[in-house]
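Using the sequences provided together with the hints, build the complete structure.
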Amino acid sequence: MRNGAVGPCLVAISMCLAGCGGGAGGGKWVDRQPLPPDTMTTRMDEVGRHGGRFVAGATASPKTFNPLMANETSSNEIIQQMFISLTDVDYRTQDDIPMLARSWDYSDGGRTVTYHLRRGARFSDALPITSDDVKFCFDVVMDSTLHPSMQDALFMDVGGRHVPFRYSAPDSYTFVVTAPATDALILSHVANVRVLPKHVLEPAFRAGQFGSSYTTATPPDSLVTSGPWRLKSYLENQQTVLSRNPYWFGVDAKGSRLPYLDELVFRVAKDQDAAAQMFHAGELDGLDNVKAEDYKQYAAEAQAKSFVLYDVGPSFNTTFFWFNLNRVRKPEKGKRLGGPEVEPYKFAWFSSRDFRRAVSMAVDRDGIIRGPYYGYGSKAWSIMTERNQRWYDSTLTAPDHDPAAANALLDRLGWKDRNGDGVREDAAGHPLAFTLVYNGDNKLRQAIAALLQDDLAKVGIKLTPAGLDFNALLSKTRSERNYDACLLGLGSAVPSDPGMGANFWKSRGMTHYWDMEQPVGRPDTPAEARIDSLFQACVGTNDLAERKRAYSAMSRVLNDECFLIWLPTAELRIPVKSRFGNVHPSPMPHRILWDSDRIFDRHPGEK
Amino acid sequence: MRTFVLRRLLQTIPLLLGISALTFLLLQLAPGDFLATMAENPQISPAAIEAMRRRFGLDQPWWTQYLLYLRNIFLHLDFGESFSRHQPVFTVLRAGLANTLLLATSAAFVTWGLAIPLGVLAAVRQYGWTDRTLSFLAFLWLSVPEVLSGLLLLWLAASTGWFPVGGMRDLDYDTFGPLAKLGDLVRHLALPALAVGLIPLAGRMRQMRASLLDQLRLDYVTTARAKGLPESQVVVRHALRNALNPLITLFGFTLGSLVSGSFVAETIFSWPGLGSLTLEALNTRDQYLVMGSVLLASTVLIGGNLVADVLLAVSDPRIRQD
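Read top to bottom, the protein sequences are chains B and Z. When you line the first sequence up against the numbering used here, it's residues 1 to 607, in that order. When you line the second sequence up against the numbering used here, it's residues 1 to 322, in that order.
The reader is advised that the hints may include incorrect statements.
Listed below are the simulated BS3-like cross-link pairs for lysine-lysine, each with C-alpha atoms no more than 30 Å apart in a straight line [what the hints assert, rightly or not]: (1) B:232 / Z:181; (2) B:346 / B:443; (3) B:270 / Z:227; (4) Z:181 / B:577; (5) Z:181 / B:28.
To be clear about the criterion: a stretch of chain B counts as covered by chain Z if any three or more of its residues have a C-beta under 8 Å from a C-beta of chain Z, and this derived list gives those stretches [claimed, not checked]: (6) 67-81; (7) 213-224; (8) 235-247; (9) 268-276; (10) 462-471.
I should point out that these hints are in silico values taken from the structure, not numbers from a laboratory. Beta carbons: idealized from backbone N, C-alpha and C, even for Gly.
The following block contains the structure:
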């Protein structure tokens, strides 16, 4: 499909097909632009037809359309439809796949990647996309005042120095990136940088106005995009409508241009209830956040209401709690630098590996699955859950429900209930009681916290759940650090690769929840020193087998220590109207529209 | 009259300053800031967050931030930028304000369009079954919380399909002709306007009824009846005109609540107004967006009360004398 001769005759065919049918904009779509020499053939189950639109729900409207300045989901899920990167990820296999770069080669022992760009790729304003545009975007990302969030991934600490990736564009269709050392995620880090038109944005960048360009106030016509979609209209807190980029280089197996749909609509539905209501009223075509308690009802109604309930399997989002092992890192009145943030007697419990293992054994995970998950949950023992084909390791486990063993372990520690109130006391007579904080507006976590309270009471530990406002929770766990234990979850990164979680795994990381910002090179425990070096091994090579071994090993250390008490993960069910073909919902965001260019409407123009 | 208005306008300056200082202080006291939620994302590094903190000026102590904020307002009329949107605050608030005003005005039409005729009807049929039924219904609606009545209307929309469940525009709005556009707007506006407009209905209707009854008892009405005018003329031409006077002031006061009165309904019906924007800004601690929206709502409130006072003065000459 990559030779020049095929393009024009395909245009002719699609012209002949034109004429009938409705579609969102009225009239059937006609491909008026010649196909580029380097088209990208998208694999799909079924060759679709053009026309129609898909209406998806979004919890908020986008805040900005600038891919390098956006930092939250509501913006990113729309931006990922409008702007492409050099490479992309296949959500089903987690493999890196070509996008603007039709191929790439490694050299220099994997440190250097040479990207070969597609010829004839165009922005939505018909101007060509070249390596010059890619280089411009890297210049923006590396800018020290703007400091976009993707910048830090393009730096590495080598020999105690903070060294940036080097990049160059030797010719219009070649882009070269060199990392200071071997980095397994070099493609992902480079793919974080989405391609923007230099000819539109360079003046703003030179004038220091880049941050406030491509905002929601930018007229849709002047928002030039590189991806399959461009902006058609935007209405704050209502909807964002995307229409196809007529110059997109993606084609189907028959060589006709993608995307199939005329329009992609993101309608704001503030919460799960509002979204469900809109789906039932026919105002949304798919729903990616159905409550587990409603799965049965959806399954029963699917046929009658003409939708398919896709079984996506266990979510990539994990749930866990941990004990506060944080040390005082900054000088503060009344606290000893390097000493524990919690009271010393509590620190003595929390830092005991046997205590944490006993707590893990007290948790009845099947009870949680039966209760708050309504049976739609599965046990998870690692950051990478079952449906993650590339990383899931079924041999990973941690101490599971065994109250008798938990009681025996606590007895052996000498912490027994001496005054008969049902709560154990430690040697100094402090009752084994602690508070578990969580975000109170999350009903699921509220229910889980209540079950944990019961489970721990059975082994003589008093857990008091405390639901907090999310902002209060964050400031408690991150800045004040004056809490006992916290229940939280982690969403999935794209790609869902352990290497994306440096901040979580590394002892100096900011989301190394239980003991954050440990001094570089001097972790608090030998176990964490081991995790640090295993993490380095996991990202320091391109050999997948070796990376997997390192990932499994560091997960095993984590589970052996019970730094996190793992809780079950939810099963995902995603309903989508059956009129749409080539739908493959994924646990990674955007769960329905990640491959929107191949989704098609079987009956465009009909209600 | 002119000095009265001028004095009131001057009074608003310290008032708005006080409101802004208090809001700013409360925002500082609330836990977390705009960057706290971002730090939760393992893909955003501490260095990137520190860079943002510097760029947004959040690394300064709060009083410095506040003084800078005031300086920019007085020197450049610059009310700051929304952190999340990278846009000037009032660019962001403009569309929301327009939608809120549209909803509030329609709700006011619902309230007054029903309150006056129904109040008159209740007054002329005093203690009859019409009067009792109307009062019962009005008070029933008054005692149902706005959240519940909103949800009931939403349920009506969802189960019948007569009205859209929330939102402001049909997806095909752009392809509609002008008449269809108007129809679409009315269809979307109907339920939220009802939800907001029916709440003060009971009160306004009873006030209309009482005020008309007061007039009907007066001598000039007896005179009018005695000289043989038909009852309809007595009520509409004579009594009603005088009875409307106190309601004009009441109307003025409702102007003050134009912006803030519909926040709950906006959330229930996903109406893209100032309410949802403000709530979101508060949740994400988008500091200057919250400030802008609070100042805007306060200005409308103060302005509304001023208009009410002026209306009162115009309708009742006794007030103007001093």
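Can you name, in rising order, the numbers of the hints this structure does not satisfy?
3
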